[in-house]
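Q: Chain by chain, the residues:
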Amino acid sequence: MARGTTAESRTGITRRRFLTAAGAGVAGAALAPLASPWPRVSRAQGAVRLTHGKLVIGIINDQSGVYADLAGLKAVEAVKMAVEDFQKKYGQNAVGGPIEVISADHQNKPDLGSAKAQEFYDRDGASMIVGVDTSSVGLAVANVAAQKRKIHINVGAATSALTNDNCNKYTFHYAYDTVMLANGTATEVTRKIGKNWYIVYPNYAFGQDMNRSFTRAIQKAGGKVLLADATPFPNDDFSTYLIKARGMRPLLNIVGTMHAGQDLVNFVKQYNEFGLRKQGLNLAIGLLFLSDIHSLGVQAYQGTLYTTAWEWSMDRQAREWADRFLARTKVRPTFVMAGDYSATWQYLEAVRRAGTDDSEKVVAALEGYRFSDFFIRNGGIRKQDHLVVHDAYLARVKAPNEVKEPWDYVEIVSKIPAREAFLPLSQSTCKMGA
Amino acid sequence: MENVLLQAFNGLINGAFYALLSLGLAVIFGMLRVLNFMHGALYMLGAFGAYLLTAELGLSFWWALVVSPLAVAAVGFLLERVFLRWLYDLDPLYNLLLTFGLALAIQDGMRLRFGMQGVPYSAPPQLQGALQIGVMFFPTYRLFVLAFSVLVCLGTWWVIERTRVGMVIRAATEKPMLTRALGIDVDRWIPPVFAFGVALAGLAGVLAAPMRNVSPLMGADLIITTFAIVVIGGMGSILGSVVTGFIVGVAAALGAVYYPPIANTLVFILMALVLLLRPQGLFGSAEAG
Numbered sequence: 000m001a002r003g004t005t006a007e008s009r010t011g012i013t014r015r016r017f018l019t020a021a022g023a024g025v026a027g028a029a030l031a032p033l034a035s036p037w038p039r040v041s042r043a044q045g046a047v048r049l050t051h052g053k054l055v056i057g058i059i060n061d062q063s064g065v066y067a068d069l070a071g072l073k074a075v076e077a078v079k080m081a082v083e084d085f086q087k088k089y090g091q092n093a094v095g096g097p098i099e100v101i102s103a104d105h106q107n108k109p110d111l112g113s114a115k116a117q118e119f120y121d122r123d124g125a126s127m128i129v130g131v132d133t134s135s136v137g138l139a140v141a142n143v144a145a146q147k148r149k150i151h152i153n154v155g156a157a158t159s160a161l162t163n164d165n166c167n168k169y170t171f172h173y174a175y176d177t178v179m180l181a182n183g184t185a186t187e188v189t190r191k192i193g194k195n196w197y198i199v200y201p202n203y204a205f206g207q208d209m210n211r212s213f214t215r216a217i218q219k220a221g222g223k224v225l226l227a228d229a230t231p232f233p234n235d236d237f238s239t240y241l242i243k244a245r246g247m248r249p250l251l252n253i254v255g256t257m258h259a260g261q262d263l264v265n266f267v268k269q270y271n272e273f274g275l276r277k278q279g280l281n282l283a284i285g286l287l288f289l290s291d292i293h294s295l296g297v298q299a300y301q302g303t304l305y306t307t308a309w310e311w312s313m314d315r316q317a318r319e320w321a322d323r324f325l326a327r328t329k330v331r332p333t334f335v336m337a338g339d340y341s342a343t344w345q346y347l348e349a350v351r352r353a354g355t356d357d358s359e360k361v362v363a364a365l366e367g368y369r370f371s372d373f374f375i376r377n378g379g380i381r382k383q384d385h386l387v388v389h390d391a392y393l394a395r396v397k398a399p400n401e402v403k404e405p406w407d408y409v410e411i412v413s414k415i416p417a418r419e420a421f422l423p424l425s426q427s428t429c430k431m432g433a
Numbered sequence: 000m001e002n003v004l005l006q007a008f009n010g011l012i013n014g015a016f017y018a019l020l021s022l023g024l025a026v027i028f029g030m031l032r033v034l035n036f037m038h039g040a041l042y043m044l045g046a047f048g049a050y051l052l053t054a055e056l057g058l059s060f061w062w063a064l065v066v067s068p069l070a071v072a073a074v075g076f077l078l079e080r081v082f083l084r085w086l087y088d089l090d091p092l093y094n095l096l097l098t099f100g101l102a103l104a105i106q107d108g109m110r111l112r113f114g115m116q117g118v119p120y121s122a123p124p125q126l127q128g129a130l131q132i133g134v135m136f137f138p139t140y141r142l143f144v145l146a147f148s149v150l151v152c153l154g155t156w157w158v159i160e161r162t163r164v165g166m167v168i169r170a171a172t173e174k175p176m177l178t179r180a181l182g183i184d185v186d187r188w189i190p191p192v193f194a195f196g197v198a199l200a201g202l203a204g205v206l207a208a209p210m211r212n213v214s215p216l217m218g219a220d221l222i223i224t225t226f227a228i229v230v231i232g233g234m235g236s237i238l239g240s241v242v243t244g245f246i247v248g249v250a251a252a253l254g255a256v257y258y259p260p261i262a263n264t265l266v267f268i269l270m271a272l273v274l275l276l277r278p279q280g281l282f283g284s285a286e287a288g
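Protein chains in written order, with numbering that gives the first Met the number 0: chain A, 0 to 433; chain B, 0 to 288.
Just so you know, these hints were derived from the structure itself, not from any lab.
Ideal Cβ positions, reconstructed from N, Cα and C, are used throughout, including at glycine.
Hints are not guaranteed to be accurate.
[Claimed, not checked] Covered stretches of chain B, going by a simulated chain A footprint (3 or more residues, C-beta under 8 Å):
hint, stretch
1, 112–119
2, 191–200
3, 208–217
4, 252–263
[Unchecked claim] Taking beta-carbon pairs under 7 Å as the criterion, some of the chain A residues facing chain B (in silico):
hint, residue
5, Leu-225
6, Leu-226
7, Ala-229
8, Asp-235
9, Ser-238
10, Thr-239
11, Gln-261
12, Glu-272
13, Phe-273
14, Gly-274
15, Ser-290
16, Asp-357
[To be verified] Over the 10 Å line for every Cβ pair with chain A, so calculated as not near, a few chain B residues:
hint, residue
17, Val-65
18, Arg-84
19, Pro-123
20, Leu-221
Okay, chain A solo, but in the shape it has when bound (with noise of 0.2 Å):
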């Protein structure tokens, strides 16, 4: 898939990267002597010079596993269309060259992630790696654009590591991390739902990070977590743990899960199966997607509260975007789609900004950047640890009868304010290296 996008556009460029190759050589020639008293000005009006000639993003996530359907080829579509939309705006010369996108499936495997980000840093001469869902890839596709020295901007996983113990120059993290969720759901429902909590959670890196967040979060909301059991990953049966929840009551009040993708479809399933919520547990979800929804329709999560960085209908300006993204794709997008989107365009308009695809500049570019679009409100990329930060949404689950439209299962219950939402700097873990 990968190959065959990038030998296509490849056939295309040679030639156009002649003309634009020497377009960007009179053009930076001409503007040179300006540049530096008005560097401003001369950005602005588009004198990019690249340094291959051409811009390569790579889109690297999970196409054919479980988590597929959260992100997978829609958001290459999403990429693609962000970079369609760029050049529409600001012209096919937008950046100084032609932009490609490539894209690869990781099969959640960290060395394979690992592997095609070398291929796509070094071999395909990406510039910048957008995507890539799964704790463990995210982590291991940050550790190679620090030693390529090349940018990558996370989107779809969710540990904090990647800001924290694990944090690089290269790399940023875009849309949600653990601690957001755990910010949203675990302090909103402990103050609102229940105080006795009992987490069950995958036993892989982002469960482990997930446990780790909400309990944090549930104490400090004046909660308490009375046991939490690690599950084997994957695992297809759960009714041992909610077994063992019915005998914790009546003490227990919230059954949180925090797993994920086909997981978490089981657990909810079960959940419903043995009745939890009639008998007084409530449920808590760590982290939903839109795409977990559509799988097992609205009544089965019916009035789940959950943290999202972003739901596609919860005002004009996303759902503009969703109704293009709808009319390019069939399907709504989840908020990692739309913030592979974003992210894209942000680069893009970094690139810009530092007048070259220059790791070092771009970096600068975007550090300390604030800035809003369809996706990101009130965001700030914060210089020290990376973490974009921006505003979050408590979220619930919609009953059937509520639904209006298809795929309108969600209503934003209340917006938790960027300078809330995420981990304060004072707290950051990161040390980042020159």
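Following the hints, put chain B in place on chain A, whose structure we already have.
A: Then chain B, alone, in the frame of chain A:
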């Protein structure tokens, strides 16, 4: 204590799935000497069969319970006639690789058509809700699954132990050459036995659909556990596969209560122990192993 009993009982239900699946595997291995690696994929087809019958044709769960396993049996019959039968004379490894390849092809085919996330399927209205039995409170559907699969296992056992057809199968399983020498056409029984074995997988799939996520990879991990169960029970042993299925179900459930990380590993520890101490399996005769 009440909770432990409840957990053990719940383990029986997972055990019922293992029993149905490993029973099918054992029957197939006994008769054909084929390690059917696409068993998990056919289990998945059974579940999707139920989904399609309901979503496309509006048929109820009860129809699906009959029609879907038959459809899976037909698929199995076809695959056996077109692919498997050419490799019986070669090393069993060839058929293992072939069925493994077919499993991947079936799973990927379904993935292309239905995506990864899975499709919704709920229990029939008659079986929704939960029942109070003594001190136990249990989903009605799970009780049905347990009762139904015990009946199917008993039925299969009866056919194999008490009927003439079963006699042929047993004879062909234990001494194929001798059975042939007595003038019994063993080959004639191979396709229907294979179809029956995979129908059991399809049936397990239909039963799983209301409890588990119906998705293309739902059988991919299950098959490994099922093979371990067949090995523990004794390759080709009908009784062994069923009893071990239930034992493993209960052991995994209790494991998850006391030490969750061990739940899915327990079966492999058990397998290692059995292979060390009694290589022919708990119920296998030294010869058949």
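Q: Going by Cβ atoms only, is A:Gly-274 closer than 7 Å to chain B?
A: This hint holds: A:Gly-274 lies near chain B, its Cβ roughly 5 Å from the closest one there, short of 7 Å.
Q: Taking 7 Å as the limit, does the beta-carbon of A:Asp-357 come near enough to a beta-carbon in chain B?
A: violated, 38 Å
Q: Any Cβ of chain A at or closer than 10 Å to B:Pro-123, or is the non-interface label fine?
A: Correct as stated: the minimum Cβ-Cβ distance to chain A is 13 Å, above 10 Å.
Q: When I compare C-beta atoms, does the stretch 112–119 of chain B have three or more residues closer than 8 Å to chain A?
A: holds (count 6)
Q: Is the coverage entry for the stretch 191–200 of chain B by chain A consistent with the three-residue Cβ rule at 8 Å?
A: violated (count 0)
Q: Against chain B, with CB atoms and a cut of 7 Å, does the hint on A:Leu-225 hold up?
A: Since chain B brings no Cβ nearer than about 15 Å to A:Leu-225, farther than 7 Å, the hint is violated.
Q: For the hint on A:Ser-238, just tell me whether its beta-carbon gets within less than 7 Å of chain B.
A: Check passed: Cβ of A:Ser-238 comes within 5 Å of chain B, closer than 7 Å.
Q: Are there three or more residues in the stretch 252–263 of chain B whose C-beta lies within less than 8 Å of some C-beta in chain A?
A: Held - the stretch 252–263 of chain B has 7 residues with a Cβ nearer than 8 Å to chain A, which meets the minimum of three.
Q: When the nearest CB of chain B is found for A:Asp-235, is that gap smaller than 7 Å?
A: holds, 5 Å
Q: Hint A:Ser-290 vs chain B: min CB-CB distance below 7 Å?
A: holds, 6 Å
Q: Should the interface hint for A:Gln-261 be scored as holding, given a Cβ-Cβ cut-off of 7 Å against chain B?
A: holds, 5 Å
Q: Between the stretch 208–217 of chain B and chain A, are there enough contacts, at least three residues with CB-CB distance under 8 Å, for the coverage claim to hold?
A: holds (count 7)
In summary, the numbered hints that this structure violates are 2, 5, 6, 16 and 20.
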